[in-house]
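Number of protein chains: 2
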Amino acid sequence: MNKPIGARDGAAAIYARYRREDLPMPPEWNETLELILAHRSYRNFLPQKLPSGALETIIAAAQSASTSSNLQVWSVVAVEDQERKNRLAELAGGQQHVRDCAVFLIWLSDLSRLERLAEINKREALALPYLELFLTGAVDAALAAQNAVVALESLGLGSVYIGAMRNHPEEVAKELNLPPNVFAVFGMAVGAPDPTVPTGVKPRLGQAAVLHREQYQWGEAQLEAVATLDAKFRDFQKEQGLPEQGWVRQVLSRVRGPDAMSGRARLREALEALGVGLK
Amino acid sequence: MNKPIGARDGAAAIYARYRREDLPMPPEWNETLELILAHRSYRNFLPQKLPSGALETIIAAAQSASTSSNLQVWSVVAVEDQERKNRLAELAGGQQHVRDCAVFLIWLSDLSRLERLAEINKREALALPYLELFLTGAVDAALAAQNAVVALESLGLGSVYIGAMRNHPEEVAKELNLPPNVFAVFGMAVGAPDPTVPTGVKPRLGQAAVLHREQYQWGEAQLEAVATLDAKFRDFQKEQGLPEQGWVRQVLSRVRGPDAMSGRARLREALEALGVGLK
Numbered sequence: 001m002n003k004p005i006g007a008r009d010g011a012a013a014i015y016a017r018y019r020r021e022d023l024p025m026p027p028e029w030n031e032t033l034e035l036i037l038a039h040r041s042y043r044n045f046l047p048q049k050l051p052s053g054a055l056e057t058i059i060a061a062a063q064s065a066s067t068s069s070n071l072q073v074w075s076v077v078a079v080e081d082q083e084r085k086n087r088l089a090e091l092a093g094g095q096q097h098v099r100d101c102a103v104f105l106i107w108l109s110d111l112s113r114l115e116r117l118a119e120i121n122k123r124e125a126l127a128l129p130y131l132e133l134f135l136t137g138a139v140d141a142a143l144a145a146q147n148a149v150v151a152l153e154s155l156g157l158g159s160v161y162i163g164a165m166r167n168h169p170e171e172v173a174k175e176l177n178l179p180p181n182v183f184a185v186f187g188m189a190v191g192a193p194d195p196t197v198p199t200g201v202k203p204r205l206g207q208a209a210v211l212h213r214e215q216y217q218w219g220e221a222q223l224e225a226v227a228t229l230d231a232k233f234r235d236f237q238k239e240q241g242l243p244e245q246g247w248v249r250q251v252l253s254r255v256r257g258p259d260a261m262s263g264r265a266r267l268r269e270a271l272e273a274l275g276v277g278l279k
Numbered sequence: 001m002n003k004p005i006g007a008r009d010g011a012a013a014i015y016a017r018y019r020r021e022d023l024p025m026p027p028e029w030n031e032t033l034e035l036i037l038a039h040r041s042y043r044n045f046l047p048q049k050l051p052s053g054a055l056e057t058i059i060a061a062a063q064s065a066s067t068s069s070n071l072q073v074w075s076v077v078a079v080e081d082q083e084r085k086n087r088l089a090e091l092a093g094g095q096q097h098v099r100d101c102a103v104f105l106i107w108l109s110d111l112s113r114l115e116r117l118a119e120i121n122k123r124e125a126l127a128l129p130y131l132e133l134f135l136t137g138a139v140d141a142a143l144a145a146q147n148a149v150v151a152l153e154s155l156g157l158g159s160v161y162i163g164a165m166r167n168h169p170e171e172v173a174k175e176l177n178l179p180p181n182v183f184a185v186f187g188m189a190v191g192a193p194d195p196t197v198p199t200g201v202k203p204r205l206g207q208a209a210v211l212h213r214e215q216y217q218w219g220e221a222q223l224e225a226v227a228t229l230d231a232k233f234r235d236f237q238k239e240q241g242l243p244e245q246g247w248v249r250q251v252l253s254r255v256r257g258p259d260a261m262s263g264r265a266r267l268r269e270a271l272e273a274l275g276v277g278l279k
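Protein chains in written order, with full-length UniProt numbering: chain A, 1 to 279; chain B, 1 to 279.
Chain A extracted, bound-state conformation:
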């Protein structure tokens, strides 16, 4: 970005995210905000490797995120082998971008490292099988992964999160040789975006629905935000050549019941099998 960048660019970027005009002007604007606001998921990649040092830089960014009590209870597996990517794509319901990406990252909640260190040091680690630590591992992995996304976009790369790594947790664990107490929270396909496939900034719920002041609110303003997004999302789908569908209908179809969950209704059972406690 070589042009000077000011608050007016910020207002434009915020408009693009919400497609509504009633948001305050940002106090200032900079390249980092420009990058974050323009985020989109990329599913079409050029057939080329990442530049040398890019992966390590992205992971250094990930490790720079906060981690609960400095526990660092996450790890990541970087898969470049084509056969392994193909197998993981199958486990993710046949997603082509998992095959096509330069590197497929699998972000792990990793309580195994502390378990082994406790064993080596002859100490007890009786907190590990609690739900609190399961949550800590997932949150640690998510904070790290989101830093990675911002970092890789600053290098001109693109990515898409793959929640479908939770469709078959035991098979994923086997493929990656995960020890007990390690769990693939989500995947992430990373590569150089194909510039011939345009992607758009997906509109989001107006801030009234998401940002609450002092206490949680639910009323007219929140319902208005939902109704507006529903219409804007329909426009977005049309522009992208996707099925014209409102946001409410789309999300409700995703949560209608266990049959719509691509196997993830049995996540709890899978975690038990992987030695992850939920006490």
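Don't take each hint at face value.
Each pair may be met inside one copy or between any two copies, as identical chains are not told apart.
Within a straight-line C-alpha distance of at most 35 Å, the following computed DSBU-like cross-link-like pairs (lysine-lysine) qualify [stated by the list, open to error]:
1. Lys85 to Lys238
2. Lys238 to Lys122
3. Lys174 to Lys85
4. Lys279 to Lys174
By construction, these hints were calculated from the structure, which means they are not laboratory data.
Given the structure of chain A, go ahead and fit chain B onto it with the hints provided.
Just chain B now, kept in the frame of chain A:
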């Protein structure tokens, strides 16, 4: 940042994060990477409000993060009222920075919005009480929050995550008037950092321990990363005037058992009371 910025700056920033020389050179370097690598938690704030428009800009950044299947199952409460900040500080074990910050943000997993929309639209939402959706809400909130951290740092602000929002989940829910199926995943104190209180970049585990190639690894290289961090962390503590303690000892004391969990061993029970399913 007005100076030209190059890959050599990147190598220096990466050295500062790991305190070891064996990492590859970044392919290029930019202000966003510089910002992310220099992250630290801020606990000392100047007694001033955020600039006008800053909070909304930070939330726009948060909402620009990916969200699983576009569900947007998170919300955030922004608390500025001093009395409410004081009460939340008490619930977080008396943390002074929760009282002193300009805005205290509480990041919520929010399945309530979809529950209400299902009700209004006379549809079923039977997936909501599953562990999968609990995890989705927590991950969505974490991705959003981490974008907020990067955005607010780009505006010269600082923050610190507050996991202690999970010490007393029911009381936090009551204070924030949370409906059923909404859960405070963590808090975040935000403000203008006090420049008279220096803070350092906290060293992290060498990449061998965290970044695995093709499959999960555990052996000499991982143990070396742990041992090196243990020593570097001791140096860091000394520099910051904190108790000189190695990393292994510190983290193992945190996970030794339910008595070290500040009440979070009963998280599961608290979630049940808040109507959050874990099926």
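Cross-check of the supplied hints:
no.: 1; hint: Lys85 to Lys238; in the structure: within (32 Å within a copy, 45 Å between copies)
no.: 2; hint: Lys238 to Lys122; in the structure: between (61 Å within a copy, 26 Å between copies)
no.: 3; hint: Lys174 to Lys85; in the structure: within (14 Å within a copy, 46 Å between copies)
no.: 4; hint: Lys279 to Lys174; in the structure: both (24 Å within a copy, 24 Å between copies)
Hint check: no violations occur; every hint is consistent with the structure.
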